[in-house]
Every structure is written in structure tokens, then in C-alpha cells.
Amino acid sequence: MVAGADRAARALGIRPGLPLAQAQARVAGLVIEEADPAGDAAALADLAAWCIRYTPLTAPAHPEGLWLDIAGCAGLWDGEATLVADLTGRLRRAALVVRAAVADTPGAAHALARYGREPVTIVPEGGQAAAIAALPVEGLRLEAVDIVQFRRLGIERIGDLIAIPRGPLTRRFGPGVLRRLDQALGLASEPIEPVVPPDCVRRHLAFAEPIATPESLATAIAALAGPVCTALEAAGQGARRLDLVCARVDGAAQVLRAGTAAPVRDATHIARLLTERLETLDPGLGIESMTLLVPVADPLGFTQPATGLLGTAGQISGAPGLSLLVDRLSNRLGEGSLWRAAAVESEVPERSVARIPPLAPPTSRDWRTISPWPRPIRLLPRPRPVQATALLPDHPPARFVWRRAPVRVRRGDGPERIYGEWWKRNAEMTALRDYFRVEDGQGRRYWLYRRGDGADKSTGDGAWFLHGLG
Amino acid sequence: MELPGHLAELRQQIARMERSVSRRLAAIPLGPAIDAHLPAGGLALGALHEAAGGGADSEDGAAAALFAAGVLARTEGPVIWALIRPDLFAPALDAVGLHPDRVIFAHAGTSESVLMAMEEALREPGLGGVVGEIEGRLGLTASRRLQLAAEVSGTLGIALRRSRRQDDPAFDAPSAVLTRWRITTLPSAPPLLHAPEVPGLGRARWQLELRRARGAAPRTWIVEACDAQGRLGLPADLEHGSDQVPNRRRAG
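So the sequences go chain by chain: P and R. All letters in the first sequence, in the order written, are residues 1 to 470 by our numbering. All letters in the second sequence, in the order written, are residues 1001 to 1252 by our numbering.
A hint or two may mislead.
Said to hold, decoys possible - What follows is a set of in silico ranges between Cβ atoms, one per label pair, in the way DEER data are often shown: (1) ARG1164(R) to GLY4(P): 53 to 63 Å; (2) GLY1136(R) to LEU153(P): 53 to 63 Å; (3) ASP86(P) to PRO1086(R): 15 to 25 Å; (4) THR1141(R) to PRO214(P): 37 to 47 Å; (5) PRO124(P) to VAL1152(R): 39 to 49 Å; (6) GLY1136(R) to ILE147(P): 51 to 61 Å; (7) ALA71(P) to LEU1010(R): 25 to 35 Å; (8) ARG1164(R) to THR88(P): 36 to 46 Å; (9) THR369(P) to ALA1033(R): 28 to 38 Å; (10) VAL344(P) to ALA1173(R): 33 to 43 Å; (11) GLY1202(R) to PRO124(P): 51 to 61 Å; (12) PRO1086(R) to ALA71(P): 42 to 52 Å; (13) LEU1140(R) to GLY286(P): 37 to 47 Å; (14) GLU1197(R) to VAL344(P): 31 to 41 Å.
What the hints assert, rightly or not - Selected chain R positions facing chain P (Cβ under 10 Å, derived; list incomplete): (15) LEU1007; (16) ARG1074; (17) PRO1078; (18) ARG1102; (19) ILE1104; (20) ALA1108; (21) GLY1109; (22) ASP1168; (23) PRO1191; (24) LEU1193; (25) ALA1195; (26) LEU1201.
As the list claims (entries may be wrong) - Chain R is nowhere near these chain P residues, computed Cβ spacing over 12 Å in every case: (27) ALA3; (28) LEU30; (29) ALA42; (30) THR88; (31) GLY126; (32) GLY174; (33) PRO227; (34) GLY259; (35) ALA342; (36) SER364; (37) PRO396; (38) GLY412; (39) THR430; (40) GLY441.
Hints in this document: simulated from the structure, not taken from any laboratory. Cβ coordinates follow ideal geometry from the N, Cα and C atoms, glycine included.
When you get a sec, could you build the whole thing from the sequences and use the hints?
Structure follows, in C-alpha cells:
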């Protein structure tokens, strides 16, 4: 019997469940591999462990799926959509066929990932009932016999099932169907049993009585941070990401996650990062145990080195808290919202500045070597087209319209000619921009350019753009 | 004039309460005429200051941002610059002496997040300065918190106000900042004073307006924009420098 078929085989009509002889008769030269359920399960477990990069609560969903509880973790990824895009992108690059769904409940996500119309679905909060109503009842993880019964009764979609009164439904089909339905709709809880990565630093703390107050939670975090740092020191590592998994009395798990800009092995630093995120934790009726994991760690020498910006430049002494400050700000504002600017060898203004990590070593670049011309303090995210009139190609525009107000140019400087980077992009082979700095009657300064040299059409169409202010 | 004894005593008491004034903190000089007017002898460290652009510059605060960068260029230590929109262009910071190696940008997105980031950063001792770009209100409570944080750490804080509304009245709402500035661009002098017909752009010129200050009266100066070391200049073609512009209004 066929246990599984790849995309090419499915296109030829080979489906799981088809007798092998029939399949071979239908397609000549079929490549057949012996099914290896144990191997598949092991590979799936490996994949689930790899997904710890996204959330500490991951588990394989046999036979072909993965659970990821990303509650509280999406912030580090700039939102759920970015997290899912990163996950599916990486899996696709590993030549896997991926479908993904994000929903409030595992049941709804399960149904949408398998039976939804789009390869990636993100259900807004509380929208699971509407999102799964149109899906076939198979999406609910029901027993095969029940599905056959439903088909016989003309119940095709989950929406049909929701419409049936609960009493008769239980009498006819037993409690199992209703439980699956409630799990999908969020009326019944369904904790997932997380896999634990084999070799990461972790410490566990169970409480005699469930705790719920912020003070006692903070004390518990501090009690965990010390031993974790000792273990990190023994391994010669520093934490880059921290996960605190809190097991609630009702069986649900809550996760606090924090990232760091540089490897960290300082117990107070770690405790502070996590304690600050306590407000996002819902302790419910109480938390009975906590596990502090370090899913991502980097090598760190045995003495905590001075952080780049502080030590090597010799610019600052007495700011050892900078890396803690950077971590706290980036945990609260989101990963990637802190950066430093580094000069890039590019004349094209929008490409001349790169973002580097906030604690990267100093570049010590002289920015004036890249362009000696003055640059505006505000650079528009993208140049805005403006209506401008210029008398001669080498003259700054005499007037233009900006934010619906006419601007009369009193003085100007330029042009500064910037050529396209033909070695990077073919389209820029002959393109150029002529930049002008101009000042209006009130002394306000603008930075405009004309696409092209104003005479030869192959260099640009002569349209004007405002690119910066000040 | 001799003050009656109890009045002098009261003054001392008030000065003790206003810690930042009485401590005579170190300050960043802004130029002799301005420093003589300010109680701290310049822009005091360990305090929160406010700067906004005037007129059409209210939305972008380009001149105000350059003013802030020029001041920070003369501090020591890393600078945290909390942005509401990532439109600050680093090469221009370098041009007024603030090397981008020193600046950590924090894109906060909303004014609330900017205030949060500013407060966190101002609490941190050892920073050179903290700038936050704020759109909308800067309330009394919020500014008081920032001012207290700055007093404790000794860090210079600058709140850059931005608004889509020109000369937004919200810029003048009461707050606990030590000084409040309005920076308006003025037509600059020709690059060659003796040959005004030669095209080109000289150093920008600003009207630097002290709208409010603890311990000093409002006043206005005309200055040349920050040079490569972040220092303001006195216009060469103005005879009496700072006293050219009379007080337009008194802000309390």
C-alpha cells in the first residue's frame, strides 16, 4: 500500500492508500521506498527541536505536522507574519513543502494548515470559528468512523457541526467529537507537550504552593538565573536567548522570552531582562513550576569582555550597563529596532548608510571621505516627486511645490552629480542624478535631485525629486 | 539693593528644592552671549531640555535635530537617539561633529515608546546624551519623570518635538524641562560676504529662541548653525550679535 507520495507522484494520480501493485501498473518506473514510520517520527522530532529558535513550546504533530506555541514570542520577530514567513522560508529552502496557520487554538491551526485555502493563514484573535467554518470536518482530528457517519448525514463542513445543538451531538457521537470541536473553538484548553532540545542549558524549579504575585515570580527568576549562569560558565558560553517556561496549575504553559545583543552570563542581567517582561505573563490561578532554558548561546570567554563600544574605542569608562540597556530596549521595542549607522562605500545616498548591531565594534570611519558634500539631516524614506522648474540644466530649480505649498528658491548649490552603480545593477548603466541643495526665503533647506543630466534622455527623464530636508 | 533677610532665606530654600539649579551642574557651552544668560552657564547636563522647529520646520525639526546633534557632539560617551520615524540621516550627524559610532538609534514608533526608551536610557549612568523625538504631547508627569531620571544619572536629555501643525501650541504646554528652545531657520548670508552675487550656500542661520527656562528670562539670539565641531557661531554681518532681535513674546 502507498503510505506517502511526493508532489510529482500525486500529479500522476498516486495517492496514499492506493494498493502498491495498482500504483505500479498505473505509472511505469515508479521509485518506491520502504516506509519508515520510526525514521519519520525521529526526523519530525528533530525538526521540532530545531523550531525552538521560534518558541520553546514546540512538539511534533504526528504524522506530518509540527506544533509551535508562539504566544508571547512573536514580539521578537516583529509580529506573527514575520515569524511565519521566516519559518516557512527556511523550511522551503530545505526543499520541504510547507503549509502553516496561526490561530488562537491548536485545533483551528491544525484544520487551517491542512485544509485551508492559502498555504499560510493567520487568523486574527478570536476569529477561529469564522475561519474554520467552511473547512471539511476532517480538519477536526476526528475518528474515521465519525467522519463516515457525518458524510452519511450530510454534514460536510465544520460550520454544519457548530450549528448542531450540543446535547444531541454528544448523545449520538459520544464526547470525543464535542471535545475536538471545543478545542478548535477555544472552549476547551489543549496544552501541547513540548520537546526539549537535548543539549541546552536548563534549570527547573518546582514550587510547593503555586505562586502568582509579581514579587514571588521575580524571586523565583532570580533563583533560577544564578544556577543557569554557573552552568553557562562551565560550558564557556553566554546566553543569546532566554526562555522561561512557566507551568500553570491548569496545565497551560506560559513563556517569557528575551534576547540579548551580545552573549550574557550575568545573573542580575538575565534576571532583570526576564523580570521586566513579567507584565506580559498571565499566571492564571498560579504557577507551579518554572524552567529557564537557554536555547541559543554563543561562546563567551571566562572573563566578561568589555563590550565593543565601551572598551575598544576607549571612549567611555563607567558605562558597563550599556549592553544591559541595549538588551532591555530591544526586548521592549522589538528585535532590530536598535542599530548603529555605518558608512558604506556608495555614492547613492540611500545606499551609503548600513545598519549594524548596536554593540558592534566602532567603525572608526571618516564619513567625509565617502562624500565631502553636505548631506541633509532628514532623508525621506523614498524620494518624493515634485513639480519643479529650472532655467538651465546646471542651475538649481527656481521654484517647486512641496507639501502643497509653493517654495521659491532663494539660493542654491550644486549640482552634485551621482552616477548609477552600473556594476551593481544593469538598469543603472547610464542613469545619473544631479543633486542640488537649495534654500527658500525663510532659510529652510531642501535637498532635491533631477533624474538625468537635463539634456540627454538616456541618463534620466528629467523629473525632479525631493530627497531630504535640512 | 539689599534683600530683607527672610526673603533671602526663602530664595535659598527654593534653590535647595530646585536641585538642578542649585547644584550648578556642568554645562555644554552654546556661545558667550547665550551662556551668560543661562544660570548653568550653558545647556546643563543632568537635565531635560526641549527643542522644536519653528514655522514650516515644525514637522521635520531639521534645524532642531542639528542643534541637538551639535550639542551632543561635545559630550562624551554613547548617545541614544530614540526615533519616531527612521528618517534621521547619519552623515549629517558626522558633519556637526557627532560621529555615528557614538550613536545608537532606537526606532520606537510611537511617542509612548519614545518616552519609555528615553526614561530607560536617562536612568543609565555614563551615557553622553539621550535624544527622543516626540510627536504630540509631552505632559507634565512624563517630563517630570524624564527630568528626575536625568538629574540622577547626570545625563543630558533632549526632547525633540515634532508636529504636523506649524508652531503647534502643544509645544508651549507646561512641562518640567529645564530649558525650552525654538529653532527657526533664517535666510543665510551669501557664502562670500563681499560678493553676494556668487551662487552657492553658506553656513545656515538660525533664530535660537529660549522660550522658557528655569532661572532665566525668555530671549532670542541669531546664530550661525553648528560647525564641524558642533559649535554655534555669531553672524559676521550682524553688528551687535545677540541683541538684534527684541523679545517677541514672553513665555512663562
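Hint check:
1. ARG1164(R) to GLY4(P): 53 to 63 Å: 59 Å, holds
2. GLY1136(R) to LEU153(P): 53 to 63 Å: Cβ of GLY1136(R) to Cβ of LEU153(P): about 59 Å, so the range 53 to 63 Å holds.
3. ASP86(P) to PRO1086(R): 15 to 25 Å: 21 Å, holds
4. THR1141(R) to PRO214(P): 37 to 47 Å: 23 Å, violated
5. PRO124(P) to VAL1152(R): 39 to 49 Å: Hint holds: Cβ distance 43 Å, inside 39 to 49 Å.
6. GLY1136(R) to ILE147(P): 51 to 61 Å: 56 Å, holds
7. ALA71(P) to LEU1010(R): 25 to 35 Å: 58 Å, violated
8. ARG1164(R) to THR88(P): 36 to 46 Å: At 39 Å between Cβs, range holds.
9. THR369(P) to ALA1033(R): 28 to 38 Å: 36 Å, holds
10. VAL344(P) to ALA1173(R): 33 to 43 Å: Holds, at about 41 Å.
11. GLY1202(R) to PRO124(P): 51 to 61 Å: Hint holds: Cβ distance 56 Å, inside 51 to 61 Å.
12. PRO1086(R) to ALA71(P): 42 to 52 Å: 29 Å, violated
13. LEU1140(R) to GLY286(P): 37 to 47 Å: 40 Å, holds
14. GLU1197(R) to VAL344(P): 31 to 41 Å: Hint holds: Cβ distance 39 Å, inside 31 to 41 Å.
15. LEU1007: 42 Å, violated
16. ARG1074: 14 Å, violated
17. PRO1078: 6 Å, holds
18. ARG1102: 7 Å, holds
19. ILE1104: ILE1104(R) check passes; min Cβ-Cβ to chain P is 5 Å, inside 10 Å.
20. ALA1108: 6 Å, holds
21. GLY1109: Hint holds; GLY1109(R) Cβ to chain P Cβ min 8 Å, cut 10 Å.
22. ASP1168: 16 Å, violated
23. PRO1191: At 8 Å from the nearest chain P Cβ, PRO1191(R) passes the 10 Å test, so the hint holds.
24. LEU1193: LEU1193(R) check fails; min Cβ-Cβ to chain P is 14 Å, beyond 10 Å.
25. ALA1195: 13 Å, violated
26. LEU1201: Holds. Min distance 4 Å.
27. ALA3: 50 Å, holds
28. LEU30: For LEU30(P), whose nearest Cβ neighbour in chain R is about 55 Å away, the distance exceeds 12 Å, so it holds.
29. ALA42: 43 Å, holds
30. THR88: THR88(P) is indeed farther than 12 Å from all Cβ atoms of chain R, at 26 Å.
31. GLY126: Correct as stated: the minimum Cβ-Cβ distance to chain R is 24 Å, above 12 Å.
32. GLY174: 51 Å, holds
33. PRO227: 28 Å, holds
34. GLY259: 15 Å, holds
35. ALA342: 7 Å, violated
36. SER364: 7 Å, violated
37. PRO396: 8 Å, violated
38. GLY412: 7 Å, violated
39. THR430: Its Cβ never comes within 12 Å of chain R, the nearest being 26 Å, so this holds.
40. GLY441: Violated, since 6 Å does not exceed 12 Å.
When each numbered hint is compared with the structure, violations occur for hints 4, 7, 12, 15, 16, 22, 24, 25, 35, 36, 37, 38, 40.
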